[in-house]
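K.L.:
Residue numbers (numbering that gives the first Met the number 0), protein chains in the order written: chain E, 0 to 161; chain R, 0 to 786.
Quick caveat, the hints were computed from the structure, so don't treat them as lab data. Among these hints, one or two may not hold up.
[Unchecked claim] Simulated pairs of lysine to any residue, SDA-like, Cα-Cα distance not exceeding 25 Å:
(1) R:125 to E:20
(2) R:21 to E:153
(3) R:55 to E:17
(4) R:21 to E:51
(5) R:12 to E:19
(6) R:443 to R:410
(7) R:443 to E:123
(8) R:21 to E:53
(9) E:144 to R:433
(10) E:144 to R:6
(11) R:187 to R:402
(12) R:21 to E:56
(13) R:125 to E:69
(14) R:125 to E:24
(15) E:144 to R:2
(16) R:125 to E:153
(17) R:12 to E:92
(18) E:144 to R:562
(19) R:562 to R:590
(20) R:21 to E:69
(21) E:144 to R:10
(22) R:12 to E:75
(23) R:21 to E:14
(24) R:21 to E:131
(25) R:21 to E:30
(26) R:125 to E:19
(27) R:21 to E:11
(28) R:12 to E:152
(29) R:21 to E:116
(30) E:2 to R:120
(31) R:125 to E:30
(32) R:21 to E:62
These figures come from a predicted structure and were not determined experimentally.
The lines below spell out each chain.
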Amino acid sequence: MPKVSMTVNGKRVSANVDSRTLLVEFLRSEQRLTGTHVGCDTSQCGACVVHVNGKAIKSCTTLAVACEGAVVTTIEGLANGTELHPMQAAFRTHHGLQCGFCTPGMIMAAVDMVNRLGYDLSEETIRHELEGNICRCTGYHNIVKAIQAGAAAMGGMKVAAE
Amino acid sequence: MAGTGIGARVERKEDFRFITGKGNYTDDINREGQTHAFFLRSPHAHATIKSIDTSKAAAMPGVVGILTGADIEKDKVGGLICGWMIHNKDGSPMRAGAHPALAQGKVRYVGDHVAVVIAETLAEAKDAAEAIVVDYGKLAPVVDLATATKKGNPVIHDAAPDNQVYDWHLGDKAATEAAFKKAKHITKIDLVNNRLIPNAMEPRAAVGDYNAGEEAFTLYTTSQNPHVARLVLSAFIGIAPEHKLRVIAPDVGGGFGSKIFIYAEETVCVWAAKKVGRPVKWVADRTEEFLSIAHGRDHATHAEMAMDENGKILGLRVKTRANLGAYLSTFSSSVPTYLYAPLLSGQYNIPAIYAEVEAVYTNTAPVDAYRGAGRPEATFVIERIVEVAARELGMDPAAFRRKNFIKAFPHQTPVIMCYDVGDYDASLKKAMEIHDVKGFAKRKRESAKAGKLRGLGYSAYIEACGIAPSAAVGSLGAGVGLWESAEVRVNPVGTVEVLTGSHSHGQGHETTFAQLVAGRLGIPIENVSIVHGDTDKVQMGMGTYGSRSGAVGMSAIVKALDKVEAKAKKVASFVLEASEADIDFKDGKFSVKGTDKSVDFASVALQAYIAHKFTGEQLEPGLKEGAFYDPTNFTFPSGVHIAEIEIDPQTGVTTVAKWTAVDDFGVIINPMIVEGQVHGGIAQGIGQAMLEGAFYDAGGQLLTASYMDYAMPRADDLPSFRVDHTTTPCPSNPLGIKGCGEAGAIASPAAMINAITDALGHETIAMPATPQAVWRAAQASLAKAAE
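Build the full structure now, drawing on both the sequences and the hints.
P.N.:
Take a look at the structure:
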């Protein structure tokens with residue numbers, strides 16, 4: 000079994016894995032980071048979205064061995080200690096989640112959206128950009144509001160830091 | 000409203016764990032020594048099993064055990080049950096075929112469970128399953144709902160030789176025929192309520208565990224009602240007596256009805272745990288979910304409505320065929336009968352109604368309750384036929400509805416239900432104002448200028464929630480009572496745990512139930528914990544479905560709180576050295592009438608446990624009370640949804656331009672959460688109307704078994720929704736709650752199709768109104784206009 004090493008949420012980890020092990024399996028089973036979910040098997044639903052080297056990817060269709068040396072951030076690594084990431088806080092404030100199953104992937108995709116497109120996101124942009132994430136509970140109404148507010152809050156934090 | 004009491008928009012207490020990845024779903028649970036189960040499923044819709052050879056598979060790496068229907072039979076594991084008895088028109092009972100957890104001698108749909116492989120890893124279990132050799136004797140499948148009962152068809156269950164489950168009716172046939180004889184106008188429609196797949200984002204999962212020392216089982220499962228699962232697994236399937244079987248439904252990632260039922264997979268996991276002597280875990284992949292979770296809807300209906308010369312409705316007759324799939328799922332028989340026909344009166348005063356329902360077996364996945372369960376089907380019938388009738392009579396659809404609305408309450412319909420309260424006109428009026436219906440003509444002209452077709456559709460729905468008075472449903476065939484339980488445990492420091500038989504899988508009970516308790520006891524909401532989903536903690540409960548947790552589950556909590564307050568007043572009377580009759584309780588303080596003497600709730604709690612101020616003869620120590628609440632009537636949420644859509648006739652793409660919902664849910668605990676429930680329900684209804692559909696080919700293969708094939712609503716298919724309320728408090732429960740969980744899904748399909756047909760100018764469009772279907776219909780409209 001090949002050995003794979005990567006940095007997950009700031010921590011160096013390595014393990015010998017079956018070569019067919021998917022990144023999501025590595026995170027959930029090997030690292031016990033169960034916040035990343037599996038909602039489908041065709042790379043459609045987005046419950047498994049994590050960041051690899053700063054970009055959102057679907058961990059259900061990525062082999063763990065393909066992430067050798069990579070820097071991986073999961074939902075568990077987003078908050079700064081007990082201080083929520085602004086996107087996490089926005090999902091709570093705007094009731095952007097119900098059952099919570101799609102939520103980690105939604106939040107990771109939303110942060111990536113802001114990283115790529117900036118802090119001022121229109122409703123149309125957000126809805127279009129969410130094509131890779133499915134939610135069955137919310138009808139997306141409050142997810143869209145949450146992402147818009149979360150993006151603005153991320154912008155505000157950046158301004159404050161400068 | 001500020002604060003955290005009833006009516007406040009309190010942020011959800013449960014959110015922190017979900018937004019930080021700390022939720023605890025069934026797939027997140029791993030037991031020491033755990034094995035992994037993989038189900039070998041039938042590739043055929045209908046076949047005999049001549050033989051199963053597991054010898055090669057059993058020798059493969061990592062395999063711990065392989066079990067088949069023969070093992071089920073040998074161990075006398077009971078079959079899965081249907082818990083609602085329906086009687087035929089002639090009084091004879093419905094025809095229910097056996098439903099073994101692993102197939103015995105025959106498979107009846109693609110995805111039926113043939114064998115389970117238990118191995119060290121899931122990959123090893125899957126590899127071994129491929130090496131199992133099954134010799135099938137292929138039989139012709141019965142797939143089509145319309146022809147399922149045709150003479151000479153293959154027989155799916157020997158118990159039902161013509162594939163008919165039941166032939167049932169409700170209402171007064173003679174009175175309805177008489178009403179039609181008086182009619183000046185009769186409107187007729189044929190409708191298909193398309194088959195859907197629920198698709199909660201968390202696939203089903205189960206972990207079975209057996210403690211040989213205690214001779215006790217634990218099942219972790221994705222359930223909306225763990226106590227009902229325990230009851231069925233114990234009393235009917237015979238896994239173990241209830242005190243030796245613990246069922247835990249931890250965080251559950253959505254249900255929408257599909258996680259009410261007791262399935263083959265969880266039954267096998269808990270049974271197999273003892274057989275192999277190790278915990279057994281199974282997690283469905285999405286394709287397995289598509290194949291084997293209970294589907295929803297799947298009705299074909301012919302309906303006729305009779306009206307007098309003034310457009311007053313005189314009578315309604317409805318004939319429905321319902322597809323129940325290959326086996327009767329847990330509550331399947333009730334959905335097209337008692338959850339359907341009693342709602343056919345809608346919001347209208349209809350003097351005579353007669354409904355006939357024929358339910359059939361087909362070689363497809365079992366069909367059972369899905370968000371709304373029967374009520375969306377009823378609403379689709381009544382709201383489509385009312386719309387078509389108004390158009391045929393040349394009346395404004397809103398005016399036609401208003402003319403026929405029930406205006407006096409209580410109102411006894413001809414189909415069981417007695418509506419207790421409502422103001423249908425208020426919801427219609429408010430919805431029309433918010434939506435700016437007056438401006439529609441102008442918006443339609445603007446669309447036309449851009450080459451688009453614009454349409455507006457109403458849906459004035461009613462549903463029956465707060466399910467349900469136990470004796471009433473018992474008389475209609477239910478195998479269980481539908482009360483709810485609660486226990487309020489006050490700790491010595493004044494914090495409170497509430498144990499509820501309701502189950503939260505997205506509804507936010509940890510917040511709304513805590514709002515009720517904190518408000519009532521005058522304590523901070525942080526000091527209240529809601530405990531649910533574990534049969535070892537909560538004694539008994541009936542779970543969450545049918546929008547019942549507010550109306551029934553919270554009513555049980557109110558009853559328990561009444562008892563807690565009464566007991567606490569006794570304690571306070573000793574603390575304050577006053578007569579019990581002189582103690583007032585308000586804002587978390589017990590005080591003596593007419594004095595400034597008072598003591599807070601936490602101090603009284605402490606005194607209840609210290610028990611220094613009273614003797615054992617005077618008062619029992621402690622502060623903990625339980626209650627069971629059995630509703631006295633159904634509740635009747637109602638409202639009006641208005642859909643406005645725009646069709647591009649060049650592409651057939653339908654855009655939802657505007658959506659307004661005005662609902663009367665009675666008293667609302669947390670408007671933020673209620674609005675969220677409505678948003679999600681509307682999305683599912685729009686999905687049904689224009690995107691979703693489960694399709695089998697003639698051979699019984701499911702063509703829509705992945706998210707590449709089954710069109711789930713995505714963010715860019717939907718608009719933002721305008722959601723508002725009117726309020727007539729429910730008179731039959733202490734909080735005045737009616738329930739809100741299903742309304743959106745019940746109302747929206749009819750509103751969508753009414754809007755699309757309005758835009759097209761003709762009635763011939765079926766759900767899902769996909770771009771291709773709409774394009775064809777639009778071309779027909781344009782061709783007709785050009786003539």
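K.L.:
Report the numbers of all earlier hints that the structure fails to satisfy, in ascending order.
P.N.:
The structure breaks hints 5, 6, 13, 16, 18 and 29; every other hint is satisfied.
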